[in-house]
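S.K.: Given next are the chains, with one letter for each unit.
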Amino acid sequence: DAGVIQSPRHEVTEMGQEVTLRCKPISGHDYLFWYRQTMMRGLELLIYFNNNVPIDDSGMPEDRFSAKMPNASFSTLKIQPSEPRDSAVYFCASSPDRGVSTDTQYFGPGTRLTVL
Amino acid sequence: EDKVVQSPLSLVVHEGDTVTLNCSYEVTNFRSLLWYKQEKKAPTFLFMLTSSGIEKKSGRLSSILDKKELFSILNITATQTGDSAIYLCAVGESTGTASKLTFGTGTRLQVTL
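Protein chains in written order, with the numbering used here: chain U, 1 to 116; chain P, 1 to 113.
Don't read these hints as lab results, they were simulated from the structure. Keep in mind that a hint or two might mislead.
Straight-line distance between alpha carbons at most 30 Å, and here's what the computed DSS-like set of lysine-lysine pairs gives [stated by the list, open to error]:
#1 U:Lys68 - P:Lys37
#2 P:Lys37 - U:Lys78
#3 P:Lys40 - U:Lys68
#4 P:Lys40 - U:Lys78
Away from chain U, derived, C-beta distances all over 10 Å, residues of chain P [claimed, not checked]:
#5 Ser10
#6 Lys57
#7 Ile64
#8 Leu113
Partner residues are not named here, just some residues of chain U that face chain P (Cβ under 10 Å, in silico) [said to hold, decoys possible]:
#9 Gln37
#10 Leu43
#11 Asp56
#12 Ala93
Idealized CB from N, CA, C, for every residue including glycine.
This is chain U alone, in the form it adopts within the complex (with noise of 0.2 Å):
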């Protein structure tokens, strides 16, 4: 079974610029969570979603950052526009909806953002 997959792997913008990162979850998968993974502040969790639906977006930074998911299987995130302190290697994760083992989470790649 393929993991979760995220899109792009690398992103290189100029600062103003709107950036769409993409993910995939784990088929199955009942909740899926945004982090972002900066030096200064390690993983932050910005935005989680349970059957589609967002539960806690305490995390995003502002409203430049919006996420979605319109299906079991494709979730966006999306920073309209970009600054350079953006910059960060943004997490997909996904859990499975099983009691305590929904704590289990489950790691993409990864998509690492320059934002210039």
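Let chain U serve as the given structure and place chain P on it in line with the hints.
M.R.: Using the frame of chain U, we list chain P on its own:
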């Protein structure tokens, strides 16, 4: 505010040494503690602990949780260069609908020949 604190921040050891990584936490509704290994790419799952005093073991790696003192340790015996990575501790807490993970900043382990 919920916190997960890992120590040491970084560690350099020689191949064959034994290392102990620490994770302490303060969360409101504890449900689980997880250890991940991150090399150059995504964090990969190692262990999930939910009960105090029960050791989880996988090869040269083992981990135990103390829910009274609010900490966990990850032990690696007979370290190898392939163990070089960032080790992340995360704590899951019940939020009603799902468990959110709060990650520590990690311990960077380097194993030298």
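S.K.: Give a verdict on every hint.
M.R.: Here is what the structure says about each hint:
no.	hint	in the structure
1	U:Lys68 - P:Lys37	holds (28 Å)
2	P:Lys37 - U:Lys78	holds (28 Å)
3	P:Lys40 - U:Lys68	holds (28 Å)
4	P:Lys40 - U:Lys78	holds (24 Å)
5	Ser10	holds (12 Å)
6	Lys57	holds (17 Å)
7	Ile64	holds (17 Å)
8	Leu113	holds (27 Å)
9	Gln37	holds (9 Å)
10	Leu43	holds (4 Å)
11	Asp56	holds (7 Å)
12	Ala93	holds (8 Å)
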